Each structure stands twice: as structure tokens, then as C-alpha cells.
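**Student:** Sequence:
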Amino acid sequence: METLYSPDIVSIEAGAPEGQSREAHGLEAVLAKGQWWSDNHEVHSAVINGPFPHDDRFIVHMKYDVTFKPTGKRFPMEEGAHYTVRDGKIVKEEFFYHMG
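At the far end of the sequence shown sits residue 201, using our numbering, and the numbering has no gaps.
Honestly, the hints are just simulated from the structure, not real lab data.
Treat the hints loosely; a few may be bogus.
[Said to hold, decoys possible] Okay, derived cross-link-like pairs now, DSS-like style, lysine-lysine, Cα gap no bigger than 30 Å in a straight line:
{"no.": "1", "residue 1": "164", "residue 2": "174"}
{"no.": "2", "residue 1": "134", "residue 2": "170"}
{"no.": "3", "residue 1": "164", "residue 2": "190"}
{"no.": "4", "residue 1": "134", "residue 2": "190"}
{"no.": "5", "residue 1": "134", "residue 2": "193"}
{"no.": "6", "residue 1": "193", "residue 2": "164"}
{"no.": "7", "residue 1": "174", "residue 2": "134"}
{"no.": "8", "residue 1": "134", "residue 2": "164"}
Bear in mind that the values here come from a model prediction, so they are computed numbers and not experimental data.
Turn these sequences into a full structure, and let the hints guide you.
**Tutor:** Written out as C-alpha cells, the structure reads:
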């Protein structure tokens, strides 16, 4: 991720647990968020479509079958990710998914 992401990246989730922010600012915070996700989810399968580029942006569509490790709950997850690029680095990522 260090080669693709700007040190000043902003990551925005569709939602966040109560008391937490939907936004992460800076590469260190985004890496920590990704590590939390990896530590807390087991991915059984993944289908990635894209990227679909348009000017300085692109979209990726993802479908997962995951288990949330703390509860053992297995569920399908589908999301769209919208990325903005400047000077060859991703400066913003936004995730869109159903909060059910």
C-alpha cells in the first residue's frame, strides 16, 4: 500500500461503530484500519471487478464471503470502492456498502 497510497490519504467508510470515526487520515491510520479488518475477519472467498477508470478516479466492485472472528458470524459482503488519484498516488478512498 505504501507504493500506491499518498502519505496524506483520506479513507472514508460508509459507517463506523458507535464512538468511532468513519474517516481515517494519513497512511499510518489507513494501514492500521486495514490491519484491524484483517485481524477481525476471515475471508472465505472474494470476487473483485474492475478497476473502472474515469479521469483521475476509478471504481472497484468487491464481493466477499467473510466471518467476523469475534462473534463467529458468517455473512456475504458487497461493496464499491471509489478512489481518487493525484500525482500517481491514491489520495482518497471511499467505501459504499449496505449497513445491515
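**Student:** Compare the structure with each hint and give your call.
**Tutor:** Hint check results:
1. 164 x 174: Distance ~17 Å between residue 164 and residue 174 Cα, so the pair holds.
2. 134 x 170: 16 Å, holds
3. 164 x 190: Distance of about 25 Å is within 30 Å: holds.
4. 134 x 190: 19 Å, holds
5. 134 x 193: Measuring from Cα to Cα gives roughly 14 Å; hence the hint holds.
6. 193 x 164: 21 Å, holds
7. 174 x 134: 20 Å, holds
8. 134 x 164: Holds, at about 19 Å.
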